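All chains, please: the whole structure from these sequences, using the hints.
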Amino acid sequence: MIAIIDSGIANLRSVQKGFEKVGVPSRVIKEPRLLRDAAAIVLPGVGAFADGIATLETTGFIDPLRQEIESGKPILGICLGLHFLFSESEEFGLHKGLDLLRGRVRRFPDTVPSSDFGLRSSPLKVPHMGWNRVQQRRAAPIMHGIPDGSYFYFVHSYYVEPVEEGVIAGITEYGLPFTSMIWRDNLFATQFHPEKSQALGLQILANFGRLAHG
Amino acid sequence: MLARRIIPCLDVKDGRVVKGTRFVDLRDAGDPAEVAERYDREGADELVFLDITASAERRKIMIGVVEKTAERAFTPLTVGGGVRDLADIRALLLAGADKVSLNTAAVQNPSLIREAAERFGSQCMVLAIDAKRCPKSKVRSPQSDGEPTNVESQTSDVEHAWELYIHGGRTSTGLDAIRWAERGVALGSGEILLTSMDRDGTRDGYDLELTAAVAERVGVPVIASGGAGTVEHLFEAFAVGKADAALAASIFHFREISVPEAKAYLRGRGIPVRL
Numbered sequence: 027m028i029a030i031i032d033s034g035i036a037n038l039r040s041v042q043k044g045f046e047k048v049g050v051p052s053r054v055i056k057e058p059r060l061l062r063d064a065a066a067i068v069l070p071g072v073g074a075f076a077d078g079i080a081t082l083e084t085t086g087f088i089d090p091l092r093q094e095i096e097s098g099k100p101i102l103g104i105c106l107g108l109h110f111l112f113s114e115s116e117e118f119g120l121h122k123g124l125d126l127l128r129g130r131v132r133r134f135p136d137t138v139p140s141s142d143f144g145l146r147s148s149p150l151k152v153p154h155m156g157w158n159r160v161q162q163r164r165a166a167p168i169m170h171g172i173p174d175g176s177y178f179y180f181v182h183s184y185y186v187e188p189v190e191e192g193v194i195a196g197i198t199e200y201g202l203p204f205t206s207m208i209w210r211d212n213l214f215a216t217q218f219h220p221e222k223s224q225a226l227g228l229q230i231l232a233n234f235g236r237l238a239h240g
Numbered sequence: 023m024l025a026r027r028i029i030p031c032l033d034v035k036d037g038r039v040v041k042g043t044r045f046v047d048l049r050d051a052g053d054p055a056e057v058a059e060r061y062d063r064e065g066a067d068e069l070v071f072l073d074i075t076a077s078a079e080r081r082k083i084m085i086g087v088v089e090k091t092a093e094r095a096f097t098p099l100t101v102g103g104g105v106r107d108l109a110d111i112r113a114l115l116l117a118g119a120d121k122v123s124l125n126t127a128a129v130q131n132p133s134l135i136r137e138a139a140e141r142f143g144s145q146c147m148v149l150a151i152d153a154k155r156c157p158k159s160k161v162r163s164p165q166s167d168g169e170p171t172n173v174e175s176q177t178s179d180v181e182h183a184w185e186l187y188i189h190g191g192r193t194s195t196g197l198d199a200i201r202w203a204e205r206g207v208a209l210g211s212g213e214i215l216l217t218s219m220d221r222d223g224t225r226d227g228y229d230l231e232l233t234a235a236v237a238e239r240v241g242v243p244v245i246a247s248g249g250a251g252t253v254e255h256l257f258e259a260f261a262v263g264k265a266d267a268a269l270a271a272s273i274f275h276f277r278e279i280s281v282p283e284a285k286a287y288l289r290g291r292g293i294p295v296r297l
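Going down the list, the sequences are from chains A and B.
Reading the first sequence from the start, the letters are residues 27 to 240 in the numbering used here.
Reading the second sequence from the start, the letters are residues 23 to 297 in the numbering used here.
Heads up, a few of these hints could be off.
Which chain B residues face chain A? A few, computed with CB under 10 Å, are given here [to be verified]:
hint : residue
1    : Phe-96
2    : Asp-120
3    : Lys-121
4    : Arg-141
5    : Ser-144
6    : Gln-145
7    : Cys-146
For the record, the hints were derived by calculation from the structure and aren't laboratory data.
For clarity, every value in this text was computed on a predicted model and none was experimentally measured.
Glycine included, every Cβ here is placed at the ideal spot set by N, Cα and C.
Structure (structure tokens):
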């Protein structure tokens, strides 16, 4: 069974439906003690960073989650769930994250240099919303069978900037190249939403299910 | 590169997909969940559900429709129509909507946009704007309580403007639609769904001037809506209207063209799309 952490207002239904569609048993959990029996953990998230971290804290998820990650259990962070794993976020002031990965969560700039030798700048629409390509840096197991450069669905205004380049598994271009996928040992995280990315997104959920259940 | 989006729109009335011309003369186009599933399979980039009637049971129907669709479609879903307060928004998000669009309630109570954006995030707050061409002297800026004709700074070389309508196009507001788009974004809307009432259902093409005017003025994505009749119109929405997404109903519902055919055409003309 895969445990999907209920971190407040996130739309957990779609993640669970995704697992159902690919035949992987999953359950939305509100109690941290249930993490222990799970074969793998999904940390989803929409909304604001500070609220999300605060909710994880008050519901008592942070320490048990840390323990399970250290024990080697597969974990998949999605969108804000990716941001939570990092040291700190610039979203509405500076806030501390779980610090499992070193680095900062930053906002996209409102303008980026134009193609004319960077002499002028052109506006960048934020949030980054829609389908964009993920260039795979390394062959992460959750991307098994997925062609390099495939499109996935994004909706976010902030992106992660890892200190250690070695954790980067996917890169996407939006005004600037940013990290769209992380892989370190048992830790996976995507900036995009697999549960909203049609067939290829479901393939990621199926791959993650296989990691969990062998 | 971020792909331009193709979004089939499902106008829902009494639990059925319908399509009209200039907001009236409705034709039946099927069961919402079935129609949504077909578009999901065809590779539509997102889906929009709009409840176009004001029946008392409207909300119950929409929540049922959203739930049924979320069961079967794995693509982002925007829901709108009759959303009045934070509780409505929360209920729709919990039922499986990824984004909720506000129209009438946002005009009547602009602080709802800010409150909803703070609570649920700008990324799921879509501001739906129904706009109709009018003489420039007819509209005023939404931020001022003054008399009409104070929009000189915005469209200096044209004599017309676009008036904002609410209640599904039935009530005029006297407000300048472009200024309202700017204000809505300042309040926290993460996207603009911009419908030309003059073009809706006519298949004469989008109001490109309106689309470009809004797209150039706001820092969030703009969905062009109203008037798509051919693939050429979709192309124009991106190339001339500078839209981030193009919404269409009739051409897809009545199977005149499929989503993959439309995308293949767009790619052939240099528009970045996801095939």
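Against the structure, the hints:
A least Cβ separation of about 5 Å between Phe-96 of chain B and chain A falls short of the 10 Å threshold, and the interface hint therefore holds. Taking 10 Å as the C-beta contact cut-off toward chain A, the hint placing Asp-120 of chain B at the interface holds, the least distance being around 7 Å. Restraint check, Lys-121 of chain B versus chain A: the minimum CB separation of about 8 Å is within 10 Å; hint holds. Annotation: Arg-141 of chain B was flagged as interfacial toward chain A, and the flag holds, the nearest CB pair being 8 Å apart, inside 10 Å.
Against a cut-off of 10 Å between C-beta atoms, the interface hint on Ser-144 of chain B holds, since the closest Cβ of chain A lies about 7 Å away. The restraint placing Gln-145 of chain B at the interface with chain A holds, with a minimum CB-CB distance near 5 Å, inside the 10 Å limit. Taking 10 Å as the C-beta cut-off, the interface hint given for Cys-146 of chain B holds, the closest approach to chain A being about 7 Å.
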